[in-house]
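Enquirer: From the two separate chains plus the hints, produce the assembled complex.
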Amino acid sequence: MEMDGGQALLKALEYEGVEVVFGYPGGAILPVYDSVLDAGIRHVLVRHEQGAGHMASGYAHATGKPGVVMVTSGPAATNIVTPLADAYLDSVPMVAITGQVPYGLIGTDAFQETDTTGITMSITKHNYLVSDPNDIPQIVHEAFHIATHGRPGPVLIDLPKNITDAMNPDSKMTWRDPVAVDLPGFQPVLDGDPADIEAAVKLLKDAERPVIYAGGGILKSRAAAELQALAEKTNTPVVTTLMARGALPDSHELNLGMPGMHGNYTAVMAMQEADLLLALGSRFDDRVTGRLDSFAPDAKVVHVDIDPAELGKIRHPDVAIRGDAKRVIAAMLDTLGTAQTADHGAWRSKLSGWQENYPLAYEPAEPGGKLKPQMVIESIRDASPKDTIVASGVGQHQMWASQYWTFDHAYTWLNSGGLGTMGYSIPAAVGAKAGMPDRTVWAIDGDGCFQMTCQELITASVENIPIKVALLNNTYLGMVRQWQEMFYENRLSEVDLSGPVPDYIKLSEAMGCVAIRVEDPDEVEDAIARANAINDRPVVVEFLTEPGENVYPMVPGGKSNSDIVVPPFQEKETRS
Amino acid sequence: MKRSQLAETHTLAVLVENKAGVLARVAGLFARRGFNIDSLAVAPTDERFSRITIVVDAESAPIDQIKKQLDKLINVVDIVELQPESSALREMVLVRLELPEDDQVDDVLQLVSGFNGAVLRVRGTQMILSLSSRPDELDSFVEKLQPYGIRELQRTGAIAIPGIE
Ligand SMILES: Cc1ncc(C[n+]2csc(CCOP(=O)(O)OP(=O)(O)O)c2C)c(N)n1
Ligand SMILES: [Mg+2]
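In order, the protein sequences belong to chains A and B. Under our numbering, think of the first position of the first sequence as 1, with each following residue one higher. Under our numbering, think of the first position of the second sequence as 577, with each following residue one higher.
Nothing false has been slipped in among the hints.
Negatives, chain A to chain B, calculated, CB over 10 angstroms:
id: 1; residue: 48
id: 2; residue: 350
id: 3; residue: 475
Here are the computed lysine to aspartate or glutamate pairs in the DMTMM-like style, where the Cα-Cα straight-line distance is at most 20 angstroms:
id: 4; chain 1: A; residue 1: 372; chain 2: A; residue 2: 525
id: 5; chain 1: B; residue 1: 648; chain 2: A; residue 2: 307
id: 6; chain 1: A; residue 1: 205; chain 2: A; residue 2: 298
id: 7; chain 1: B; residue 1: 595; chain 2: A; residue 2: 132
id: 8; chain 1: A; residue 1: 202; chain 2: A; residue 2: 298
id: 9; chain 1: B; residue 1: 644; chain 2: A; residue 2: 196
id: 10; chain 1: B; residue 1: 648; chain 2: A; residue 2: 182
id: 11; chain 1: B; residue 1: 644; chain 2: A; residue 2: 307
id: 12; chain 1: A; residue 1: 350; chain 2: A; residue 2: 275
id: 13; chain 1: A; residue 1: 559; chain 2: A; residue 2: 298
id: 14; chain 1: B; residue 1: 648; chain 2: A; residue 2: 191
id: 15; chain 1: B; residue 1: 595; chain 2: A; residue 2: 135
id: 16; chain 1: B; residue 1: 644; chain 2: A; residue 2: 191
id: 17; chain 1: A; residue 1: 313; chain 2: B; residue 2: 657
id: 18; chain 1: A; residue 1: 313; chain 2: B; residue 2: 647
id: 19; chain 1: A; residue 1: 386; chain 2: A; residue 2: 525
id: 20; chain 1: A; residue 1: 506; chain 2: A; residue 2: 536
id: 21; chain 1: B; residue 1: 595; chain 2: A; residue 2: 115
id: 22; chain 1: A; residue 1: 313; chain 2: B; residue 2: 640
id: 23; chain 1: A; residue 1: 313; chain 2: B; residue 2: 633
id: 24; chain 1: A; residue 1: 313; chain 2: B; residue 2: 635
id: 25; chain 1: A; residue 1: 172; chain 2: A; residue 2: 132
id: 26; chain 1: B; residue 1: 643; chain 2: A; residue 2: 307
id: 27; chain 1: B; residue 1: 595; chain 2: A; residue 2: 182
id: 28; chain 1: B; residue 1: 644; chain 2: A; residue 2: 285
id: 29; chain 1: A; residue 1: 370; chain 2: A; residue 2: 496
id: 30; chain 1: A; residue 1: 350; chain 2: A; residue 2: 253
id: 31; chain 1: B; residue 1: 644; chain 2: A; residue 2: 318
id: 32; chain 1: B; residue 1: 644; chain 2: A; residue 2: 193
Read the hints as simulated data drawn from the structure, not as lab findings. Here the structure is a predicted model, which is why all the values come from computation and not from measurement. For each residue, glycine too, the CB sits at the ideal point set by N, CA and C.
Only chain B is shown next, with the shape it has when bound in the complex (with noise of 0.2 angstroms):
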């Protein structure tokens, strides 16, 4: 299944004081409260707060439930749903690929740059590929190399910030 494809899901921003633990506390909340993660990406924004971006399984409870339990965590500053439409949402895909054929390079590159990817190493017919994007495109990307052979994977969570008004 395509991970854009996946039921319904929220994305939360949540800002949280730099503490030891605290993101065991968000992580424990979701499991003892039968909330479902679907992807969870967390860094510090400056000395004193980390941003941890949760998008959530909207079927697993209602989104007003967990953001309100979430917010009964003391280290939990601020909750921010947003709002897919107009919200600025990235996610990133590593990807190592062992071309089928010796001629598939150029195929590949370019490929990657239509879709505004990098090309992180090339060695014969091994290929290190990244792309940063929205994860529908991310989903597309990732099809369109399946033909090229994918050896490996990995994707991260998404991370995002509310639009400009």
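Only chain A is shown next, with the shape it has when bound in the complex (with noise of 0.2 angstroms):
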């Protein structure tokens, strides 16, 4: 069939099975955006590019489907960096279609040009610049390939103008659908070498204080069953990081919920004196080891992860297994067959010990005195339904959200783990709820993050994608105030948010959404009810918080795991 570049894009994405693309048109993606109005393809017109990155990263994450945005050159593709470093960090499946000058004039300073490929390469799985639209369907395909297969991760398709333009004949192309990929660079191994398997589970039978150390992997693998089935059979307590939110539900007994700088003093001790860690697709992260040299002293490793080079990176295995986390949890679990574990009594009981000592709390809030933020998000939680997407920005709120969040749903909780990119959560969210138009999705912003993204709040009203936000605003940048009150003699600089502009409520609802501001505790539960009751347009609930509130507990950055710091009316007691 004979067709311009330009049409061979949406025929391509039509190809791929995409049914939406988030993206903002410009002078070199002009001819595609053309095609755009002759697709069987929902376009989402964002505010700005970076919403339409994080926008593909919830959509992929929520949905388990690639993720696309659109978008043109120049100013456009340097707006879509920090979602693609976000999602590559993230291992997040998506596509980028960026516009770039007319390929004769690449090199030369041209009006919009970029060096797309080149600033994005080392943010991206792989990139392309085509220089023949009769490539568009196969490049298209192994782009959405590579970007699913293996360790999933962003791939950008640089497409110059000439070759889209209906106008120019160098975009006449004959659509030819594309062939399976060969990629001889590119051959991801799924199955664990059997004699590691036998090897990992001998160390887990054997092992009297283990813990499974699960990380987003799992969900990228789609192997929560797996997990679960794994968990259960060998009664192994499971960590889920950040990252990895409702892989295991938190409601599991055997789940000790979050290890990490904030993690809870269970989940971050449970590791520091296991002896064997069993690590699903998690990457010892330095938020979630601490200071390395002191980190889970006597623990033997077994690392599974699908990216080779993950494996001994940070801290060598005893056994390593290359491999998808799903096929090598079940080729565990056939390896286990019906033997028994050791017995792990007396390590569940130091656990539970732990768990009754330093639960995750906070104290209650002075009467007459401020918002308590947990109080807001298990306030949410508990009036929302159990399978509500959770999106968050970066900072105190984030950490609150995921501890006391109760994640019983895997893909509920999207978060920029990572890169740490403030803004994350609006067009997350929208991204979601879009691809998940039934179910609740709740955005729990700071008030430094909803200003960095908040017009996305107009995508998502004109769009009619009716999402909700609650913004605890505690009038400070508190991630960054916690850490001067802490490491810089509370000598506070450039963190306050005070005011008295904006308002965040004239705000909101110049931007079409409901918006409620709530400072009284008597009325948190009205206005969720009311929030959760609003299908038909955006909401934005203002919970007016403490300022002063801090996130425990906390293993200042460069100390030891052990050196966890509870909160202050939690005794810490002397370990022996």
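Expert: Structure follows, in structure tokens:
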């Protein structure tokens, strides 16, 4: 079939099963946008390209399907650098389409020319600069294949205008359906080596103080059911990292919750005192390990990852298994058969002792005082459907959301774990809601983050994507304020957002949202009930929260996990 | 310092697809991961593939991590770490001399033939020589030429392939 490159691009996206594209038009991508009009794909017009990138990411995480973002060249391409880096660090499958100046002008500093493939080389899994429109179907097919196979990640396709523009003879092409990809350098290994699996199972059977250290890879490989089966069969407690919240239900008795810098005491100390860490799709991030040379000193390590470069990158594994978590866990279960694991009674009772003495806890608000952010999150949790999707920004509110929400379903927690991108939550929530319109989607946001990407609430209004935003307004860049308080003698530098502008209610209303301000604890429940009842437009509930509240527990940066600081009202036992 | 006496190195033969930007991907990876390249040589082996020989400074990062990160590049097809004892490795040097004395030409010719090198040009007291050999041979060749007035010198990176089993 004869067509131009712009038509071919849309046809290729349709061929890959794309249902929605998040994007923004402009000069170099104009011809492609002409074809958008005729394609059977929904296009969501964002208000800033960064938003489109995070939407694609939120969509991908919630639905498991690759997210697609499409923007023009130059400033638009650079506007998606942040979401690409974000998706790269959190292994989110995404395909980005960027317009480029005509091929013949590349290298001439043409209007809106940037070296997009060069700029994004280190923050994409792979990228392409297309020179021949006939290559479009196959390159798009490869891009989706690469984005979704092995360790997922973003792939970018840069399209010079001359090959998409119907007016330009360079754009004439003959459509041919893509053929099976032939990528000799990309052959992900999915099945673990049986001998290694055998060795891992033996360690697991014999361990007395084992912990499963479950990471985002569990969710990427859709292995939540297998994880639960393995934990139950071997009676092994599980910690779920910031990227893995929901991989095992929080209400499951074996789930110890989140480890790491702001993890709960039991999850952190369980890893510290374990004799075996079974790392499944996790990567020993410094936010989890704390000071590395004193991390889990007695633990043998079994490390399972689809990306061999993670094996041994940070911590030397006793058994390294390259493979897809779902398949490797299934193979471990097979190998285990009916075997009995060692008795974990003493270990389990030690853990429950910690859980009793050091639960996640906060002091209730003083009478007449500001709202406690933790209480707000608990109230939203209790009043919303169990499978509500929660997207958070970056800062204190992110940690509280992870700590105090009960994630009983996989794929309900969206956050920027690796890059820590402020402003992630609103666009990610919009992307998730676009993909899962029947689900309740709450963005839990900070006042700082809100001011970075709130314009996507306009997108949400106009495109009828009714998300809900809980704006935890502590009038500070709270996480930075906390560090300044703890490590810089409370010398507060450039963290005050107390305003008096913006007026978040007027701002939200101007963007087409229902906006509710809550100051009094007695109003919290009603406001949330009202928000949950509104489904025809976005809602913003601004909660005025305690400005001085800090996130606990905390392992100070660079310190050992054993130096975990519990909240001041929880006296820490002197450890024997 | 003699180049062959640099800190411990590893030699990688990396087979890559002949795609635009592949060298930038490889070089960029080394730069951003803090791996030091000692030398790099690249040329196509056929229509579809090129072979890059990279000599890396082993102290900058564990070689295992370097190989695994390289392998993540989609266009990298195969990576072989070459063992210095068993592999065939060659480097080339071009040297321009300006002899201090007129009567030294014969000495230099003799020296060159001792190393199995080649004389590419001679004009008066100026000579251009070349030698293709192992890096340590190149080192001693260059050292022996020192008294003869080296004006300019260019060495390639090493190229290498596995030896015969
Ligand atoms: C784009 C970006 N800029 C700066 C930072 C550094 N940073 C981390 S948390 C934070 C404060 C976030 O403030 P807010 O959104 O109000 O959340 P809070 O911590 O108050 O809950 C800052 C500035 C970041 N993570 N991302
Ligand atoms: Mg704040």
